[in-house]
Structures are given as C-alpha cells and as structure tokens.
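Below are the chains, spelled out letter by letter.
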Amino acid sequence: MLLILLVFGALATGCGGDGANGSTKTLLIAVNAPFSRTPYVGLTIANGAELAATSSGIVINTKEGAFSFRIKRYDSGLSARRAVANVRRAIADGAIAIIDEGTGINASWRIANDADTPICVAFQGGKGLVDPNERPNVFRIAPTDHGVAFRLAEYLIPKQRRIALIVDDSDYGQQGRKALDEAFERNPTSVAARLTVPTRAPDLAPEILRARRAHASALIVWAEPSVIASVLAAARGSGWDVPVYTPAAGEDPLVRQQLANHPEWVDGLTFATGRPTAEVGSVPFLSFQRLYEERFGVQLVGVRTSAGAEVTQPPDYAMYSYDFVNVLVAGIQRAGGVKNRKKIIAALEEVSVAGANGDHRGFNERNHDGVVDDDVYFARFEDMTYKPVKDDPLSATLTELEQTR
Amino acid sequence: MRTVGAAVVAGIVAWGVTPAAAAPPRIRALPWPPAVLPQTPPLAPPTSGVLPLSPLFLGRLDNRERIVVGMDDAGKPHSIRVLQRIVIKRLGDYVFAVPAPVRSVTPGPGAESVPGQRENQILWEGFSPGRRVLAALADLRVRESVGALPVEVRVEPGEVRTTVTVRNMTGADVTSFTANPEPLSLAKALDQLRRAISRNVSAEGLNVGVYGKTTPAQLRIAAPMQVTGAAQVEGAPNGVVRFSGLLDGLRRTELRVVLRGRPSKVEVRVTPAPVADRLAPRGTRTWVTALRRHQLGDGRRLLARAITAELTYARKRQYDTFLASPEQSGPNSGTYVYRTTAPARATAAPEGGAGTDHTVGWIALAVVLAAALPAGAVIWAHS
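Protein sequence lines correspond, in order, to chains F and G.
Our numbering applies: residue 1 is where the first sequence begins, and numbers increase by one.
Our numbering applies: residue 1 is where the second sequence begins, and numbers increase by one.
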C-alpha cells in the first residue's frame, strides 16, 4: 500500500515538469536569469516568457498530442558557475527549452546541446555567444553587441566627435569593448581614449578627468547600469556637459533611480537598443504592453517627471523572451511534436512569427540571431523619459511610447 | 481636342469597316505571360518554405544578377553560383525571401546586410535608411537549376578540330489567338507595350477590343540571347579565338564555332538581348498618332505582331531574373557566364560511403584469398 502511495506521489509531482493534465501534456520552459542581482533584467525576461506561455492559453496540437507550457525560474545571480548549474538542473527537470540572460553560456551550451535542448539568449549580445555552426542549439533574440556598436559608430562618426570609449570590467562591458573595437577599427581618429573602469569603483572622477583631458567630445559608456550612473554623476558633477551614449543598459531603471536627486544629469543620455515599434506602427507593441501590464502590472521606475507624473518602464526587453516562446511553439508544430528534440532545433531555423513589435521574428540556417542589426535605434532621455532621436533615419520613423501615468 | 477626337473616330471608321465591326467589340486581354509561358525562370523550388507572414518590401528596387556556370571540358554544368544584388532605394522596412535551390549563401561584395538561409530560400530582413544594398552570393544545387539556364554549351573534341556549340534553350510553344481588333484599343496597347519595353518593366494591363470570333493559335516564343565567347586555343592569334552572335531562339537557335585544336578553356557570356522594337510605327512616335493618320495597316497582322512582341519581351524578362526579384515587374537584369572550371572537390563523403568502400575491399580480399588458397595448395602439392 505504501509502495502504491509512493508511486502515485511520484506521478503527482509531475516527474520534472512534464506532468499530464488530462490529455494535454505540460512542457517546461526554463528561464535562467539574474533575478537577485539585476531584477529588472531577470523579471523582464521571465515575465515575457510567462506571458507568451500562459496568457494566450497556448495549447498546441501535434501528432504526438496536445501540449501546453509552464515557466520555471532559475536565478543565476550573474554567476557563470551558478548559471551552468541551473542549466543542468533545468535539463534534469525536463525543460524543452531554456531562455537565458546570457551569463555562463560559453559553458552551459554544451550541456544543453548534449540534451538536444535549445537555449535562447534574451539579453546579452556578445558576438561569440551565438554561432550556428559551433553552437547549433544556441539562439538569441536581443540586439547584438555588434549591431549596437556599429550603429553607434554609424551615428556618431559623421557628427565629427572625438569619442572616449568607456567600458567596465564586467562580462557585459568586456563584450562591449570587443564590439566597439571592431566598430571603430576603421576610424581610429574618432577615438579620443579607451578606458576600462572597475564595476565597483565608488567614484569615477579620475577616469572622467582622463577622458576630458584627452579632449573627448562624446562618451560611449558600455557598462552595467550603476557604472553608467556613476559616469554621469562624475561628468555632470564636474560641470562637464559632454554627450553620453550607451547600449541598452542606459535605459535600465537603475540609472534613473541612482540619479533621482539630479534628474537634469540624465537629460541628453542617449542609448541604443532594439526598436520596440516597427514601421507598421506602435499598435502591435502597445497591444503587447497592455497584455503585459494587465498580467504583471505597470513597471514603475521609481522616479517622477518635473510635472510630478510617475515614470513607467515599457516592457521592451520582455518582448524578446515573449517572441522566443512563440517561435518555439511554431518550431514544435513544424517538428510535429517533442519526441525528437533535434528536429525541434532544426525546425527553429525554418519558422517565423509576428514579433511583439510587429517585426518578423525567426532564425535561419546561417543566422541564429532574431534581431537584425538594422533594427537598433537610438532614444534620448528628457525629463526622465526617453523618445526616439530625430537625426537617425530609423529612429525618426518610430513613435514615442507613453512612459508616465 | 475636338479635332483630335474627330480624327481618331475618322481613323477608326476609315481603318476597317468589316461586317464584324458592326457589333460592339469585346475586351480581350493579350495572352498573359505567367499563364502561357513556362514558369521558370525565375527558379521556384516546389518545396521552398513559405514565410508565415506576408512579405514586406519597398517599391523602387533594382535587381541585378550574375550567374556563373562552371562547366566541365564537355560543357556540362557542374556548378551554378549566382551573385544577386538588390538595391533598395527607399526608406523603410524590408522582409522578403527569394526562392532558390540554395546550397549555401554568403554576403556578396558591397552587401550592407547579411542574407539568411532557409530550406530553398534566401532571406532578407532589415531597415533601409534610404538606400540599402543587399548582395548575396548563392551556391545552387545544379540538378534543380540547370533546366532554367538560357543556353546549353557543348564542347566536342575531334581528332583535329573541336566544335563549340551554344544553343538557345529558351524556346517555348504557347497558346495564343488571332482576331479582328478594335483599332484604338490596339494602338493604345501597342504604345503601352513599347513604353514598358523602353522602361525595362513588365507590360501589364494589355487589353484590346476584338470583333467577332477569336481563333486559337500556336506560337513559338523564345528569348533572344546575345552570346559572346572566347576559347583559349594553342596556335590561335594571341592564343584566343573569339566568337559572338545573336541567338533569337527561332530563326537562329545555335552558334557553332569550329576550333583548330583543343581549347584549354572556354568562356561564354550570355545576356538576354533587348527585344528589338519592331513595333515602332513608321513616321510617327506613337500608334495612336499613326491611327489618326490612317497608318495602322492590317489590324489582324498587327495584333499578331503585338502578341509575339509581348510574349518575347516577357520571356526575355524571365531570363533577367534567374533568381526571383522581390519586385518581379520592376527593372531587372541578368548576365550569364559559362566557363570551364575544375569541378569542386567533394568536401564530405556521402553517409556510409567510406564504410561501404571498406566493405567492398574486404569482400574483394576474401574472394581473392578464397581463390588463392586452393590454388596455392594445388601448386604446393605439385611442387
């Protein structure tokens, strides 16, 4: 009798997430992200995936039966070691796919590949992370560092500015350094200085002074949000009104939170990231945003505009994990089920879906990056909210998103 | 204006008062090329995947292709590579797929974006800031592409002489019709066709009014090909024999060049030739003007000429796009280069190939041993 109870108990726990609910089997999608260290990034990725997996009530019918999805979160804490351990756990849990912030991918992809499990990077844009030949199971839906760096170069070089390239010593910063070196390789005269700053430095005034003495007339800061805030504080605090450009980290709420006492220091900060709206207009993204906010609530930045309105953060990065789940669904349908995992990975190269922003989203045999480099736009902060710049052809076509309430 | 109208009406009346003309004309489209001509080129693999979303692209595209056909010594194609260069000349998003039996695709010279590859598709996606060059170098599967090439090259070596034959392969039999046309609509259709030819765009919406019955007719249509070539032959002046010719595919389908000796290399360059404007009216700029001056001539014959010109032009345009253009009706051009080259060495053995070879080897060894052992025993016994 005890044995029977144990067997039923084991079945009830779902055997690692592949539990059956009536005739519909539930597939596990693991989200491996730094929920404890950079909660904005982690939550955004997880919420986007959750929204796609559950809110639209996805049940896919295949030759092997009907499937639905559930999301399980694994906290990497920005530690590569922990991220790799999480991937092992996710595979042991029976995950059909892993959505990853990107930390530890250099080691974890092999583990997932051995289990024929696709990994989708939904935040980091490092060049080496994705390679269809070497890492056939790794995909990415997020702007690439290559795309962001080249777009920054394309945008700034014609402005005849002498640029100081400032990166921090994090993985994110070092990947950015590589991308910036490549992007400015042919225009070395545009670079006034190259500086690496420590992530945990209490004050960046000496580094900013070096950049100023190198006669820099613009700064590109490729670093974690706290470092970007420190650079702005050091520059503006010393009375230097130099224009500052960043990758997507510049829009992280943390930057504005840290500078909440000096909102004018944020004014003019320009960041490059994947466009949240496409040529078709803002309707697809606004629909996605409405769904997101109905489900998870409005994401408040924690600062206010000069008029006293609360500033909200559009869920732009959430659309990437959301899109991947939809691509995965299309891939499973094309593969005809989940038994043959290799077939799912192959199918992911052959399907496209409508992305949350109205763009096509998909991969192909030569390219496992779902955000094309052309899609990087620039937005500039003004009064704690940002809007697309007007002096870039792509950005000028985009509409401004509502960011207050 | 009134004078012009009166002149046109007078022209119509004077041009052909037939018994059938008493009834109002019926509008009839000229034979529609996609319906009556062969479907290829452009290449369209039947299993090419389909984008689940509607393609998005901008008008004002310019498509140029260079198709390089690698031939063996006999002229048989062993490789087909296409450099497709699409220039987008407007601001906005683009998403489209070019169907092709593609083995691999890489960015071509001057590419400002990277092409994607799916099963039988070259994929383009991105944003054009006003001008964007999309260049792809595609290596195609020969067996599925060779049938759409415009010419066949044969190199036949003899004891003393070698014959190089270039044959236009674009001919097709199509179903058409003859009828007694209403003159003004025919004049307008002719002018429309001539305008399309001069602008290098598809001729669309060619309708004529016809009186009485239309009679089905069979036509032979071919794309005219301008051929220029060179063969490297020892003993020839400068070591090269050059040749050229226009193969219209009807009156002249073949170009034969006899070489003294065996060529070390043959290169043939083929371009779809402009469709000669045999439709130009005499003494006037347009057919509507010719009609006003009562110079239209025999309507039935003119209609037949218009149909032949329309289909010849359409067939020629097919060969401008060996790979489909996202804007098939826009300006396109293609150049084909056939050259003798060494076949690429296979990079990967077919699955199980090596194993099979070894198996055959072991079997052969076993057979030899099986035969040799008794024979050896007999020899030893008799020694």
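Just so you know, the hints here were simulated from the structure itself, not pulled from any lab data.
Treat each hint with caution, since some may be false.
With a Cα cut of at most 20 Å, we get these calculated SDA-like pairs of lysine to any residue [unchecked claim]:
(1) Lys127/F with Pro107/G
(2) Lys89/G with Lys127/F
(3) Lys343/F with Glu119/G
Evaluated hints:
no.	hint	in the structure
1	Lys127/F with Pro107/G	18 Å, holds
2	Lys89/G with Lys127/F	30 Å, violated
3	Lys343/F with Glu119/G	14 Å, holds
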